[in-house]
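Keeping the supplied structure of chain A fixed, place chains Z and R upon it in accordance with the hints.
Residue numbers (our numbering), protein chains in the order written: chain A, 40 to 198; chain Z, 30 to 295; chain R, 25 to 252.
Calculated directly from the structure, the hints in this document are not laboratory data.
Misleading hints may appear alongside valid ones.
[Said to hold, decoys possible] Only some residues are given here: those of chain A computed to face chain Z with a beta carbon under 8 Å:
| no. | residue |
| --- | --- |
| 1 | V56 |
| 2 | V116 |
| 3 | D120 |
| 4 | E146 |
| 5 | D150 |
[Stated by the list, open to error] Stretch-level coverage of chain Z by chain R, calculated; a stretch enters the list once three of its residues show a Cβ under 8 Å from a Cβ in chain R:
| no. | segment |
| --- | --- |
| 6 | 49-59 |
| 7 | 136-148 |
We treat Cβ as the ideally placed atom computed from N, Cα and C, and that holds for glycine.
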Amino acid sequence: MSVDDDESGGSPLIQFVTFILMDEVYGINVMQVQEVLRVTEIAPVPGAPSYVLGIVNLRGNVVTVIDTRKRFGLPSVEVNDASRVIVIESEKQVVGILVDAVAEVVELSEDQIDVAPNVGTEESSRYIQGVATQDKRLLILVDLNKLLTDEEWQEISMY
Amino acid sequence: MKIWTVANQKGGVGKTTTTVSLGGLLAQWGLRTLLVDIDPHASLTSYFRYDPDGLEESVYSLFKGVAQKQTVDPLGLIHPTGTEGLDLMPAEMALATLDRQAGKLDGMGLVIKQAMSQLSDRYDHVLLDCPPILGVLMINALAACDHLIIPVQTEFLALKGLERMLHTLDMVTKSRQIPLPYHIVPTMFDRRTRASIDSIRVMRESYPEHVWHSLIPVDTLFREASKAGIPPALFAPQSHGTLAYGKLLEELLNDHETLPKAGAGA
Amino acid sequence: MSMPSDKSRLKPVANKIEEPDNALKSYLDTLLLEIDTIPDKSVKVKEPPPVADIIVEEQTEVTQLSEPELAESVQIQPQQASGLPDWVENEFQVLLFKVNGITMGIPLNALKGILNYSGEASQLPGQPVWSLGVVLNREEKVVVIDSARLLMPERLTVDDRVKPQQLLIIGEGDRALAVDSICNTLSIEKDEVRWRSGVPNKPWYAGIIIQELSVLLDVDGVLGLLAA
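Only chain A is shown next, with the shape it has when bound in the complex (with noise of 0.2 Å):
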């Protein structure tokens, strides 16, 4: 990461944090975040839907864990010491997504982001929300509330 990034233009910043999932960086609003925790333990839910990993106790809150891997079609991996959870809010419901590792907040002015409307497969263009370049490095940002339909919203929320 560079001391300081060159920017353009004179447009309010955004924040994102950046996460990665097999090499690629994602990157998620700020304001949508609400925590990255360690993954310590992750307790399965017998009967719970196939893409949820399980549940975390957040200070006395039992959270949802999301098998994001899975959610973006791509293998599972063991949880290692650089995986963590992030705590995410989105309009329905406060729930966790399990990332290989997170990066860095990163902040990008509106006119660096690219709606792209071709990038990804048919599913996963459903969460892409747009694209970016930071350090020569893709971002692809991602609309947390469209990562499950709404009848999974509905289903997850009943657990």
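Only chains Z and R this time, still in chain A's reference frame:
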């Protein structure tokens, strides 16, 4: 203890370079200096090779302490930089989440100020590296300092951001009811380009009382120093960039009391 | 690069921005409010305890402040007001046990007895798929329930099925849940459970025992499922 904030509502202007350069020089000149990174982007923290995701003692602990009504000793949050006389209070990614705390903002703009007041015996100088977003963190930085340094790249678009920064400053000054002196420091000046030369001229014409009469040139040694994780003052003491910051620092130290104040008819 | 001819654009902002300023002013005034002590708020904060029985590498690291918010809405997901089972009291005992490696809880009130089990249930013709067979308990016939198959069929693997070692007798004493092992009992308060009702197809899902991150069984729900 003097507290200076380095801020601009635009990113990429040279805030961290300015902070590290001035900090390194102060330490070199025998003044005990603390660098405080309030930016969740944590450039300053990373400069000194700390991982902003992995730290437990950071500026964030101060805010957490206030929210949980627990006293947090700022001394416990200080880390060495590898340069004698220069310490760091690092940032943590979690700082980015402070702005989304709805409600209970009362007094949250003074957290840094209060923490710094507990360190006045230990340091001669504090430099606060501020995020480019107007929010709780920037307000903390502006409220805590007695002097504001606004680095601005010498290019046309940068001036737009400066307008916004000065407006914010104006509003904060009104709320605080304490005038805040400030300096606009032209950075990344490249005398080979027309853009640099023109924009400096426009800057000086627009803000005659606040723009530093000199400038910080573009200097590749800043980047080299950053890669090494060593302040430019120690890494490349004779580089153009370092010498320019040295000149700025001298003037800041000497003229501190006589600078025009922001609140007085900016 | 051309410079604008109209240099007035670059003068310090005078009165161009009006309305947003009021919002900003009020925001700043709140932030910069000088207060001696932070207003007193009673915040109920539970430290995340180590979770029993499951390998814990380190304590959950909390890197964010939400306490003020949590005080206002104590639970992120609100309790479902209706649908608290009628056996729930303000404080009640729960026995934790493991099925297929996953810890669950059963209210002690619903437990009629515990038997050691060595796989001796005898299969009778025409038994439902969730039944492992029948054992005799003091001359009473007890139908042994394959709990893993009943409660978490999606997690069944063909090989490596842990052989259940214990039976939890429920209902009228004529049914028993086959479980891997018994853990401990604990006493919990009503609000230490995140209650749920109406989970589709799972009438036995009463909720989650928060400190254990384990599902609490509604035994009536289990029995209802068996009767169906």
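Now for the hints, and whether the structure bears them out:
Residue-level restraint check for V56 of chain A holds (minimum Cβ-Cβ distance to chain Z is 7 Å; threshold 8 Å). Taking 8 Å as the C-beta cut-off, the interface hint given for V116 of chain A is violated, the closest approach to chain Z being about 19 Å. At about 10 Å, the closest approach between the beta carbon of D120 of chain A and any beta carbon in chain Z exceeds 8 Å, and the interface hint on this residue is violated. For E146 of chain A, the interface hint holds, the least distance from its beta-carbon to any beta-carbon of chain Z being 5 Å, beneath 8 Å.
Hint on D150 of chain A is violated. Least Cβ distance to chain Z is approximately 11 Å, over the 8 Å limit. Figure legend: the segment 49-59 of chain Z, annotated as covered by chain R; annotation inconsistent (0 residues with Cβ-Cβ distances under 8 Å, at least 3 required). Given a C-beta distance limit of less than 8 Å, the hint that chain R covers the segment 136-148 of chain Z holds, as 4 residues qualify and 3 suffice.
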